[in-house]
Amino acid sequence: MTASKKERRFVVATDVGGTCTDTVIFDTSGAVHFGKSLSTPPNFADGVLDSIAAAAREAGLTAADVLAGTQLFTHGSTVVDNTLLTRAGAHTGLITTEGFEDTIHVTRGAYGRWAGQTEDQIKHVVASFRPDPLVAMAEIAGVPERVDYKGEAIRDLDEAAVEDAVRHLVENRNVEAIAVCFLWSFYNDAHEKKVREIVSRVAPDTYVTLSSEIAPVPGEYERTSTTVINAYAGRIASDYLGELTRKLGAGGYDGPVLVMQGYGGLLPASEAAGRAVGMIESGPAAGIIGSKFLGDVIGDQNIIAADMGGTTFKVGVIEGGEFEYAREPLIDRFHYLAPKIDIVSIGAGGGSIVSLDPRTNVPRVGPQSAGALPGPVCYGRGGTEPTLTDVAVLVGYLDPAIFLSGEMTLDMDAARTVFTEKIAKPLGMSVENAAIGIMRIAAAQISDLIHEITVERGLDPRDFVLHAFGGTCPILCGLFGQDLNVKRIVVPYAAAVNCAFGLASSDIVHEYSTTKTLQVPSLANDVNAIFDPMIETAKAQLADEGFAVADMRFERAVDFRYGLQIHEVTTPVRGDDTFTDDNLESLGADFEALYERRYGKGSAFRDAGMEMTMFRLTARGLGARPEMIKEDLEGEDGSAALTGRRNIFVEGRGGLAEAAIYSFEKLRPGNKVSGPAVIHTPITTIVLQENQTGRLDQYRNMIIEFA
Amino acid sequence: MDPITFSIIRHRLYRIVDEAVITLKNVSGSATTNEGHDLMVSLYRANGSLLMGGVGFLHHLTSAAEACKAIIRRFKGDIHEGDMFLLNDPYTAALHTSDIYLISPIHYDDQLVGWSACFVHVYDIGAMSPGGFSPQSQDIYTEGFSSPGIKIIDRGELRNDVLDTLLNMVRNPEMVSLDIRSLIACNNVARDRFRVLIRKYGEEIVDGACMTLIDQSEQLLRDRLRELPNGKWQSRQYMDVNAEVHRVGLTMTKEDDHLVFDFSDSSPESPYSINCAYWASWGGLFAPLFPLLCYDITWNEGVIRPIEMIAPEGTIVNCRRPAPVSVATVGAIQSVNNAACTTIGKMLAASEKYKGEATAVWHANHFAIFLFGQNQRGGQSIGILTETFAGAGGARSFADGVDVGGEVPNPISRMANVESMEAAFPLRYLFRRRMKDSGGAGEYRGGVGAELAFVPHDAPDGGLHYVVSGKGTQFPMSEGLNGGYPGAPNSYLWVHSNEETAGDAPLSFAQSLESMPGEKESVTWGVYPIMGRDGLYVQWNGGGGYGDPLERDPAAVVADFEEGVVSEWTLRNVYGVVIDGDAGELDGPGTEAARKAARGTRLQREAAE
Amino acid sequence: MSIRISATLEARMVDGEGRIVCVSCSHPLGPTDQPWKPAATLNELPMKGAGGEVYTAGDDVLLRQFNCPSCGKVLDTETALRGDPFLIDEVDVSALSDS
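Respectively, the protein sequence lines represent chains B, A and H. Residue numbering for the first sequence follows the numbering used here, beginning at 1 and increasing consecutively. Residue numbering for the second sequence follows the numbering used here, beginning at 1 and increasing consecutively. Residue numbering for the third sequence follows the numbering used here, beginning at 1 and increasing consecutively.
Because the hints were derived from the structure by calculation, they are not lab data. One thing to keep in mind: the hints can contain errors.
To be verified - Below 30 Å or equal to it, Euclidean Cα-Cα: the simulated DSS-like pairs (lysine-lysine) are:
no.	chain 1	residue 1	chain 2	residue 2
1	B	K601	A	K151
2	A	K151	A	K76
3	B	K194	B	K630
4	H	K48	A	K353
5	A	K353	B	K422
6	H	K73	A	K596
7	B	K193	B	K487
8	B	K422	B	K194
9	B	K666	B	K630
10	B	K516	B	K539
11	B	K422	B	K193
12	H	K48	A	K596
13	B	K601	B	K516
14	B	K601	A	K200
15	B	K36	B	K630
16	B	K487	A	K200
17	H	K73	H	K48
18	B	K150	B	K193
19	A	K353	A	K520
20	A	K232	H	K73
21	B	K672	B	K193
22	B	K36	B	K247
23	B	K516	B	K150
24	B	K194	B	K487
25	A	K355	A	K520
26	B	K666	B	K36
27	B	K425	A	K200
28	A	K355	H	K73
29	H	K48	A	K520
As the list claims (entries may be wrong) - Residues from chain B that face chain A, not an exhaustive set, calculated with beta carbons under 7 Å:
no.	residue
30	G99
31	V106
32	W114
33	R695
What the hints assert, rightly or not - With beta-carbon atoms standing in for the labels, derived distance ranges:
no.	chain 1	residue 1	chain 2	residue 2	range
34	H	S26	B	E328	36 to 46 Å
35	A	G526	B	K601	40 to 50 Å
36	B	R606	A	W569	56 to 66 Å
37	H	D98	B	T409	53 to 63 Å
38	A	G526	H	L45	40 to 50 Å
39	A	A399	B	V202	35 to 45 Å
40	B	D577	A	D78	52 to 62 Å
Ideal Cβ placement from N, Cα and C applies to all residues, glycine included.
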């Protein structure tokens, strides 16, 4: 029944977000088809099929045609994030070391009370709370056992106590999932493994997560939290992926289903199913991979990838084609330990409400948002608070008549009336000046945030290209891009489906790690003895997934730190050679250079010695990359696309000034446009400030250079 | 002032402080700085007044302002671009010697335009005891290196003679050197970013924004004070050192738009190092005031203007040189924190509008236990038990306190994982968990406190030593509010092993203080060993309660009982709750009757008169 | 007309005189220009008995409960060493007689 290899010409990528599910069908001929449908929580798999059908229609096909002709299905899903945010997970119990039952509730003291809170919330101590925990105190059982800091089991596991605990949790407390986290289990997992055996014997239907498998790293609070999150969302994630695989199969697809992870790699659904925490924030991670893919195509190695839509501004950094993992990731307000691309965000988007502090009259943008409904005043859907989108209309950036290719007209008068009443008048400013001021505040806040994830981490924005995604980012990028002095700005043609590009251009990536402390210097053989078995395991895994040795890549890294210090730096190993004393020494030197770059000049602390604390392996099975259609370049003259002129806010002129207005769809690759200008595209609006030049490249990306 | 530019500059000033804090934590990789957040970075105006206070240990914001002013006085005419000064003398401005201020003038176009100041609790300062808290010191002379102001960087050049002099006087000079370098890096970042801000907007506009920011804070606080009732509120804190009792007595008077904190009812200065000097008390009252009254107001000079303090010389809150002060931050300063929290809480509770902001006292008694000795890798370790940063929250007028939830004066602290402690020190925890009956009963109870115990493990010297100080264990200090009970006192117990059988005794996995083998001795002040099969048991106080315990929802009491944080005795005798003996379920009518009887008993008491 | 003094007390005009009263039962605790604590019943518990074994304080450390003599509600508490004076709180209620 299955189609032959030859007929399988599609790669399908589906990204499930909170509101919409996007699908992109890549045809090996180079054609690309987009489909969008509403997400369907909690049965997200239905929305996936809807979305595939929508994209198939764009291609003039049915979902069945597409699925029968698909060679690869890649997938990103918000199902785990959604499970946690809506508290819809399993009734979860925890088995831990006796004496430390409160570890997860106590959250290392105040840490769980302030982590993930804004500055304003942190200052308001009396109003602060911990979030309600995912596991109730009555469903935590401490059992006698102990492993010490060397990994030595100094107290046997009391198996009878474990059995009693399991029975109690399952039979008396109706627990559906059990998390197991013992002290020091990342050095010695025997006790945790034994608990799994006991659970599978006495309560075989119970979902079990072991900390030594899901997060074999030091720090019992964060490790326990991770284990609990995984147990809590695990059954839902695995049921979801199982159901999706079945539905795709019923639709005619029998190839691999690959699932995006928060670290920006794909895992086969069968493996992803056991690692729910890995799927957290995988959508934004796919966005970063999409940006990296685009960077590879057009030659950008250092990228600030910024996405700004209706409610949130999100930004991640790619340096030399690599990205950093978040140091203390949170989902909702819970800590977890899993490799995850570092992406930071603030509540700033087109829907952000502009307001005045009632006491001081100082204007602010966000953090409240009007969301999609009622949305900005100018949408005419009942919004009564002025938003950033309304301000963009007032400063001439948005054209009320042709918003989103004219699918919607904007009510400029309503926006003006509300803005005048609520902002301009109380400020004693003209509407134009007040609106200009608000744009400046928004740009400055974004600029400050990007500063935070670049300069504060030892990176210089001047070495980076800014990729501006989302409906709102290209409006503001000329302002904050210039302020940050980035090299240039790219507004990608495929911005709307960037995440899907990320899904389709990603590799299968397995992350392995071994926690062990070795003093520097150590024998090269001791290090090889740690990596060799990991590489063997990885090779077998990838071979199992059908990869030829030529398509496997192994990247090693070692976490180093200075003695008596708590900061660790993951130091990538150069090349693939096994360790010798020489290259081990140069790895130590790399660590020191990285440490000084990240923590500042003078921070390196050789006097207390150095140690290696964790050994990491990233194993890649190389995936295919989608083809981008490359067009021929035409002349620089873009005047054919000129549709008119109007006054817009131009920072270099200190106020409103005349700008040329262009239609993106009439621009040809190679055309150049000089700022001040506005280019209306079907999905967004690009604003060029004075002394900025935009050029459409062969892929229809808008490349903005500063004079 | 153009409100747009003002809004942008305000946000950027905040970012400058935040970035400087990150730099500080990055360079100083120490646990006290990174876990305890025992640090502070703030920006000051050219005259030394507070411009933008960061979220750190808040009693430093005003003391560092005074440090800037002291440097301005001392080095008049000799303050140059690229200079940096060190100050840690408590009789000049600092809180105690181990909290070192590094102070950097910020110049633009050869003009002094501001200051950046920061501190960390350095690894060691050369006092009698390792780690800085020095219970055996009888005067400031034995509390380590102390300077009323010295230039450590001269026009961009590090003065190695000065640094080496300091390092020559401390244990583990490498770690202290790193602490100093972290402070330098932090000030460099703050200074550079501040200059970029001026370059972009011009000195006049930035200065204008700064003044507006300060005036605005002043106006906002004065407006708030006017909304609060006028009145006079009292509170009292007790400290105990070796059975000697000390008091910090406070009368806070609010009239119209200003507040006076009068500490005249406090004890004379003590021979023990729990004293604090004037500027430390001043900082101590602001530490709770910033978050309790100014949670939505920028923390700067404007907040300070409406406040006055009376602290007579020669008292424990304004001691005279050479009285010892090394324990001040967990001694009299914390008592000032607590006393101010209570009077502010009473004032807020008297207001219909602000009653929701009132809180009983949070984590009133730091247990500054510094471990020191040879670690399992053969090196030397000194370090604080970071659990002291994880006190229990006070009850609010609408909710229980946060269990093991931190403290008001240091909003973003945390404690280290047990695994981090066991990796750093040759010891093994037996348990670390919330405790039973940590006190603070009330309609809303105080957050639950905790207990821990550890024993030596793989110690090359057979064990470790530790310095213990603070305010003793005789008094509850987390006062309740509006009828709530105070949190229970702390307790530190040295559990002596039997020396003769120590070598052969089985490893202990005791799960309670009662089951820890050996004789228990309360230790509160001094340097002690934990050797062989000894154990150290620490129990720390719950937060204060709010309201009458007999009005607490009986179901909440039963839930606490089931979670093991309230004993049956307390359930019955403090909360007046009756449970069914066998099922342990709430007996509603029984409870009602018991509570009625308890109220009746109260009525039979004498009038207070 | 009443003026809040604390969560448990307020000032009211009673028979033309300003009085501090218990919020719960309206029992008067004296004139507004006098401290109210002497009019309350006093329950001086040794702190040791205040909530289980962990209150290890010495015998002279007291928990003072000031209770409403009518309804028995706790109006305020304070920690005190035996012999130390009561803490006195005063809220300006002059607006009461102005009205």
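Holds or violated: K73(H) with K596(A), Cα cutoff 30 Å? holds, 10 Å
Restraint status (C-alpha distance of K36(B) to K630(B) at most 30 Å): With Cα atoms ~25 Å apart, K36(B) and K630(B) stay inside 30 Å; holds.
Interface hint outcome for G99(B) [beta carbon to chain A under 7 Å]: holds, 3 Å
Has the given pair, K672(B) with K193(B), been kept, meaning a C-alpha gap of at most 30 Å? Violated, at about 64 Å.
CA of K73(H) to CA of K48(H), is that 30 Å or under? holds, 22 Å
That 52 to 62 Å hint for D577(B) and D78(A) (C-beta), does it hold up? holds, 57 Å
Under the criterion that the straight-line Cα-Cα distance not exceed 30 Å, is the pair K150(B), K193(B) satisfied? holds, 18 Å
Holds or violated: 40 to 50 Å for the Cβ distance of G526(A) and L45(H)? Since G526(A) and L45(H) have Cβ atoms about 31 Å apart, the given range 40 to 50 Å is violated.
Hint consistency between K355(A) and K520(A) [alpha-carbon to alpha-carbon, up to 30 Å]: At roughly 44 Å apart (the allowed maximum being 30 Å), K520(A) and K355(A) break the hint.
D98(H) versus T409(B) beta-carbon gap, inside 53 to 63 Å or not: holds, 59 Å
Would the hint linking K601(B) and K200(A) be met if the CA-CA limit is 30 Å? Cα-Cα ~26 Å, so holds.
Given the hint that K48(H) pairs with K353(A), test it: the Cα-Cα distance must not exceed 30 Å. Distance ~37 Å between K48(H) and K353(A) Cα, so the pair is violated.
Against the hints set out earlier in the document, violations occur for numbers 3, 4, 7, 8, 11, 19, 21, 24, 25, 33, 34 and 38.
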